[in-house]
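**Student:** Residue strings, one per chain:
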Amino acid sequence: MVSACAPWLAAAGLLGALVTWNASRFTPGLLTVRTKDLSYLPSPELARMLALGQAGAVSKLEWIDSFAYFELQLERKNDAVSGGGQGFDRLYAILTTLDPDYEPFYQHAAFNIGAVMNRHDRALGFLLLGLMELPHATALWRQAAVELLINYDYEAKHPELMEAFLTQWADSEPTANDKQLVWEWSAAMARRRYRGLDQLPYWQEQLARAQPGSSTAAFIELTMRDQLVRFCLTELQALADAYRAAHPQPPSAVADLLEPSLLADRYPKNLPAWGPFTIEDGRLHLRCDPYGFPFEIRAGRVISRGHERERARRKLIGINIALTDLATTSGSWPTSIAAIAAAGLELSALPDGCAYVLKKHALEIDSDPPPRPPWPLGRTANSPGAAGGR
Amino acid sequence: MILVIAGATFREATRSRSFVLLLTLYALGVLLSRVGGWISGTDGGLITANLVMSLQSVFGVLVAVATGTALVHSEIQQKTLYTVLSRPVARWRFVVGKFTGLALALVCGQAAMLALGVLYLWATGGAVSGWLAVAGALTAMEVLVMAAVSLCWAAVSSPLLATVLCLATYALGHAVGSLPGLMYHLKGFQRPLCVAFASLVPDLSRFAYRDQAVHAIPIDMGDAGMRLVYGLCWICLLVTITVAVVRRKQL
Chain U
1 MVSACAPWLA AAGLLGALVT WNASRFTPGL LTVRTKDLSY LPSPELARML
51 ALGQAGAVSK LEWIDSFAYF ELQLERKNDA VSGGGQGFDR LYAILTTLDP
101 DYEPFYQHAA FNIGAVMNRH DRALGFLLLG LMELPHATAL WRQAAVELLI
151 NYDYEAKHPE LMEAFLTQWA DSEPTANDKQ LVWEWSAAMA RRRYRGLDQL
201 PYWQEQLARA QPGSSTAAFI ELTMRDQLVR FCLTELQALA DAYRAAHPQP
251 PSAVADLLEP SLLADRYPKN LPAWGPFTIE DGRLHLRCDP YGFPFEIRAG
301 RVISRGHERE RARRKLIGIN IALTDLATTS GSWPTSIAAI AAAGLELSAL
351 PDGCAYVLKK HALEIDSDPP PRPPWPLGRT ANSPGAAGGR
Chain D
1001 MILVIAGATF REATRSRSFV LLLTLYALGV LLSRVGGWIS GTDGGLITAN
1051 LVMSLQSVFG VLVAVATGTA LVHSEIQQKT LYTVLSRPVA RWRFVVGKFT
1101 GLALALVCGQ AAMLALGVLY LWATGGAVSG WLAVAGALTA MEVLVMAAVS
1151 LCWAAVSSPL LATVLCLATY ALGHAVGSLP GLMYHLKGFQ RPLCVAFASL
1201 VPDLSRFAYR DQAVHAIPID MGDAGMRLVY GLCWICLLVT ITVAVVRRKQ
1251 L
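Going line by line, the protein sequences match chains U and D.
Per this note's numbering, residue 1 is the first one in the first sequence, and the count goes up by one each step.
Per this note's numbering, residue 1001 is the first one in the second sequence, and the count goes up by one each step.
Warning: the hint list may mix true and false statements.
Stated by the list, open to error - Cβ pair distances, simulated, as ranges:
{"#": "1", "chain 1": "D", "residue 1": "TYR1184", "chain 2": "U", "residue 2": "LEU50", "range": "17 to 27 angstroms"}
{"#": "2", "chain 1": "U", "residue 1": "ASN177", "chain 2": "D", "residue 2": "MET1221", "range": "51 to 61 angstroms"}
{"#": "3", "chain 1": "D", "residue 1": "ILE1241", "chain 2": "U", "residue 2": "LYS179", "range": "52 to 62 angstroms"}
{"#": "4", "chain 1": "D", "residue 1": "ARG1191", "chain 2": "U", "residue 2": "SER43", "range": "44 to 54 angstroms"}
{"#": "5", "chain 1": "D", "residue 1": "ILE1241", "chain 2": "U", "residue 2": "LEU50", "range": "24 to 34 angstroms"}
{"#": "6", "chain 1": "U", "residue 1": "GLU75", "chain 2": "D", "residue 2": "ARG1191", "range": "26 to 36 angstroms"}
{"#": "7", "chain 1": "U", "residue 1": "LEU74", "chain 2": "D", "residue 2": "HIS1185", "range": "47 to 57 angstroms"}
{"#": "8", "chain 1": "D", "residue 1": "ARG1017", "chain 2": "U", "residue 2": "LEU74", "range": "23 to 33 angstroms"}
Said to hold, decoys possible - Simulated coverage check for chain D against chain U, where a stretch passes if three residues somewhere in it have a Cβ under 8 angstroms from a Cβ of chain U:
{"#": "9", "segment": "1015-1022"}
{"#": "10", "segment": "1115-1129"}
{"#": "11", "segment": "1225-1231"}
For the record, the hints were derived by calculation from the structure and aren't laboratory data.
Computed from a predicted model, the values in this text were never measured in an experiment.
A virtual CB, placed ideally from N, CA and C, is assigned to each residue, including glycine.
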């Protein structure tokens, strides 16, 4: 019996020992960074031959294997390989030859060769190669456009070529919505020059998805109006400061800020989309603020009445919490605004046209309606002339 | 009589250990293929599909070579061949029957592999499209051509040597597909010489539609049909050669 079981017992013991030995390599403290050399990589044609009909699978496995090389280059930043040439160039030439339809190869090539190794010409080359193979790959179009915009400054140096590139991108997109996204992307890149509006495309998308009239939509609209009004105030204040530098007196009204020389200095190319200006009947006008109230200048500072009302409304939440605390400690609710003030609760001053009212046990702000409709915030309204009243 | 031999060969092939073992290994490989997708940092669906389709080809060819090379040799070794040939059965019928049975077993194996692979891809959220079935059919034809190659090599050499020669033929068969891209390296007489040698090998790259199928890139059905006809032509040629060799063989 024992002799019959002995080989099996010996095998089980050895198997256990070997499994433990193998598993010991994966102990976290012992893991080391794997380095990789790509000097062995053959030419793309030879690689295809050596793949023995399994080009797709071989390319993916080689790609996964090369991740270690990528990690190494993050530190070393020198991908020269023996036999001449660059490791990443050789790697991605092989991968894109073995499976020209796999989009991540082109994306990784552009990232590793462009962002890591700083060879943006080669990175752009791989992206354009990818676009030839996959003309509807939105991510590749976007990445190529970013390369042209950021590293080649195409918008400034060759605006007509950049425009042609974007048109080509829009043409390649299959649906009208996708084509629209190209122009929104373009507008978003342009808006990056104006601080504070970077998130606007995101909120626009959220607004398009939200149920009209829902609390979500209301929240999104408030967020967008807040970002827009801050941007408008920044721009108008900059113009007001410029006005003051150019003239002996500060501007007496916001209409003074529409002085052509000031606008030309601040916006040498074109007026910002979503800015506080609009062109109607061929003339430049100042828009109302995003809430529908006119901008004003007080003591040299540009203010938005709509923004001030919104800030007051936000403060109201804290005041109502304090009011509840007051009622809890005193054992009774104040019956008038004067009683609230008498109880020691500080009520901040309200903008013109607003007044506190006590409804049941909550303080609210009663205000007159805006003289003009608030800015529309939908996707079609992102041109200066399309939105809001003057 | 051909059908009787084919039926017996089919049963023998499907019951053979190498057949069942390789199918089991294929199933294990399919299960592990998802790991490649996980490591890649992408959603991994395409990578898993690539690996699954390649496994079908590689294991299919291994099954064809392992079973095909042992087919006639085991008959001789077990002396069952003499029982068959002592009857009024022409040798060509014996060879054709053997290949038909083997081909039937391999087609069943390929269908099972494809079904398992596609089911696994579907279950794991991988890239599944109808084109995978077309790719699977072309891979099955590749495997049948390799079965004919193994039968032919087994007829002229020992099983071990035939296995080595089969694997070399498989490598060459895929390599010749890439040859046109490398022709610019050759000069003078090298070119026609290379073309002549390459033309003697079945171009297995014609059956490698799997990479495009994974990306759901359509194939023209006429083109797919021509590829199948190309495979059938090679099978006919190789079986005919095998018949010719076996007819002259001293058993």
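**Student:** Would you pick out the hints that fail for this structure and give their numbers low to high?
**Tutor:** The structure breaks hints 2, 4, 6, 7, 8, 9, 10 and 11; every other hint is satisfied.
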